[in-house]
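Peer 1: The hints should help you fit chain B onto chain A, whose structure is shown.
Chains as they are written, first to last, in this note's numbering: chain A, 444 to 1076; chain B, 3 to 231.
It is worth saying that the hints were derived from the structure and are not from the lab. This structure is a prediction, so every number in the text was calculated from the model and none was measured. Treat the hints with care, as some may be off.
Said to hold, decoys possible - Quick list of the computed label-pair ranges, beta carbon to beta carbon:
id : chain 1 : residue 1 : chain 2 : residue 2 : range
1  : B       : K66       : A       : R1023     : 27 to 35 Å
2  : B       : N157      : A       : M552      : 39 to 47 Å
3  : A       : D662      : B       : P103      : 48 to 56 Å
Glycine included, every Cβ here is placed at the ideal spot set by N, Cα and C.
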Amino acid sequence: MTTDLGDISLGGVKYRVDLTSYKEKDLADFSPRASVPGGSVNMAELLLYQPLNMTDWRHGYGFLWHTDAMGYMRSYGDIDTRQPGAVMMASTPVSIADSTNVFKHGLVMFNNVLYSWYDGATHGVRKYTSSTWSAVYTTANVQFCLATADYLFICPEGARLLKMSTAGTITDAGIGVTTADIACMAIHNGKIYANPEGTNRIHYGTDPELDDLDTREADDPDHIKVGGGRYQIIKMISYANYLYVFTGDGVYVVGDDNIARRVLDFASETSSLNYRSVVVYNGYLYFNVGSKFYQWNGARLTDVTPPRLGDRYPYSEIRYFGAAVASGGYLYVLAQWYNDESTYNPWNGYIEDVQSLFSFDGVGWHKLNDLSFGSTGPVIIYCPLIYNGNYGLYYSLISGSGTGTWQLQTPWRNVPLAPFAANLSSDTAPYLKTPRLDMGFRRVQKSVPSVLVEADNLSTVSTESRYLVVDYYVDGSTTIETFGSVTANGITELFPNQQDADPAPTQEFKNMVLMVRFVNAGALTTQTPILEGLTVRFLMRPDVFYGYSFGIVVAENYLYGTEQASTSAKDLRDALLTLRDSKAPIEFIDIYGDTHDVYISSVSLQAQERHENSEDGTNNIESIIVVNLVEAA
Amino acid sequence: MAKKAVFTPTTIYPSKFGKRKKIHIPQPDYRDYILRKRDVVRWEDINLEADWHTVHKRGVRRPKVGEDPLEARAVQREYVNGTLPERIVHQYLTQHLHMQPGIDFDFQSSLDGGRLELGGMVVDFLFRFLKIIIQVQGPTHTQFLRAARDEEQANELALWGYDVFGLDDTLIYDEYLFEEAMRRMFALPAGMGGSGGAHGSYEGDITNTEQVYMVFQEIQDNLILQFGV
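Bound-form chain A, shown alone:
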């Protein structure tokens, strides 16, 4: 069969076509309307562009892709995303100096006064009144303190249990000198339970002054053994009418029959980092095992570990949990995580361990403050933390290298209040990073002409100077580009590529990450810029591909110009039917000589005229075969 005569070529065979039937048409939509899996895409703006709205961030951080209308990727610095319909700066902590003793292993409120204890270097118990720390008990190291309405029970290391009255008088507690060296205590069901250090025993007393407590095994026949004895008790807490005891091999429940039964087995994950966070919040018991954070309701265990921070490998995750406390409808926990944002943070990038205050609202995790930074590798932190509505949120961070910080956030409320970080430059300002915005279609190019930013509480007064800066990067690039600054309350439209001298009017991408910096440039510490909404106007621009349709003249020895092909009609027909069945794309050379990979999507034969049989004996029926081609894009 001759293959060199014809207008087009299909699968290496040339065909003559009826030129008036030749059509070429684009098959891809010009700009389809996307709907995002997480929602918040408006289908119509009554204009060419489609808006993607982000007006709430309460589902917290950890959303790498925009799969949740209220989620975001991560934040840096003092950022509070817990408020409905707003993002603002979180209150910045105030460091409280304690020249004599900066180390605090535990905090407790007794008689409306804050007390601390420390198990090391004979620091004992100290109290904080009138913004001053003073010594209360210095005879020995203190392992634990428990407050009741009438007494503060002090557990010195290797010494007898003590009790301090509201008048500050310290006297002995317990039956005798053998009631000593208690590591932790808990109040439950009208009793006070105590655990001698290094043991798996629990003793209890019912007297408010604990005069009936004896912690020596031989003298107290009512003591409770928890587990087989290999693992000592770490913590105890009362939850859901049971006493929960945390040991190295798991979680035990002590019932009314004074028998400890193991309900959760973590023997394979024994670590000194377990159960640093144990707290009851919103009806559930929360605790950490290593770098996992669990929720327990008495019947089932759920993993509620905070998600990853960021989109760059190695991913930033929480390494160590510290103490936790529940208050005001939120769970607060101090934790150490590893930051690897240096390549994405052009302002003050750092790669190091960070100790931060996290908040959980039952739905999402929020990182409120980055408190301290350790640049010399992982730092084991001890994080006592307590909340008191009168004064604020107290905590201390003590590194393994012997340095520590002791801080207070006051007055602490669910809605952030002064003081806020001030005198910030755009390089040092905290920021919020959105998820990768792919509009639900990762492989499709989009075009953005502008973003709309809704903001409030901004100021252009030089002494205040609060504003937002919106930057972005696309497709995982390390190059940060800018939309510009928002300096006026209300809605501001920003345009891309403002870092360039001659900005291109649009930005094309497959996914885009917006970064909003909260700049409090003035000295005023009582105000914060507020972000209320982000709207990205975009146009989906899928790659174009084409379809072709034409009629092929199927005739024996057809004429083409001045030459004649040596083909039979049946040969031509059979060749097209074979190509129609091709599983792989076939080569198509159009009438202009351009080559495409196509499939034949349909073949439609219309017989025209019968002739004498061909030389090879086949029926010679002249036909027009209309074929449709689709480009394999």
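Peer 2: Showing chain B alone in chain A's frame:
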């Protein structure tokens, strides 16, 4: 495409078997003055196939593609056989509130015989530990009989110690309203405030039971002084 002329008879001729009769069509007293009109464009001269000739009555053709945003917020029908709003609530409970179906809550739980016994009832979401029930209300729940039945059910469940919450499907479809409703239902931080506000002062507030007792004591003393009670 050329328009064909339509023949309109002005008179009707009776059949040859009948008598010729003129039909009178009732006409209103007042008739608008009607102008006969006709296209001045010759359709055969219009080339609709021309590439530049594109008619967009509703703008550029732009089909909606991608997931249904509501379905994206819902658990799959193959996993939970329920209506769309029920499946959205189910997804929120499991994905955002970290609950486990069958333990934290039962979906379509049968109470007192369910649908099998007369007087039984089926609730949408039953939280045995929390002692609450969520009923997803469809568009017909305001009809008299449905409303009466729902009220009777709620009363019965209240006797058993359950609080019954109703969620309209329209509320569930609005992700922000739904978020608020769920947070309030499960006592999570919501947009209702309660933190003392930005200008409040905890220091001046009554903060312990002793002070509360003193305030009530003062109120009672005043009542005794004024009313002798």
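Peer 1: All the hints need checking, so say for each whether the structure fits it.
Peer 2: Now for the hints, and whether the structure bears them out:
1. Separated by about 32 Å at the C-beta atoms, K66/B and R1023/A satisfy the suggested range of 27 to 35 Å.
2. In this structure the hint that N157/B and M552/A lie 39 to 47 Å apart at CB holds, the actual value being about 44 Å.
3. For the pair D662/A and P103/B, the supplied restraint of 48 to 56 Å holds, since their beta-carbon distance comes to about 50 Å.
Of the numbered hints stated above, none is contradicted by the structure.
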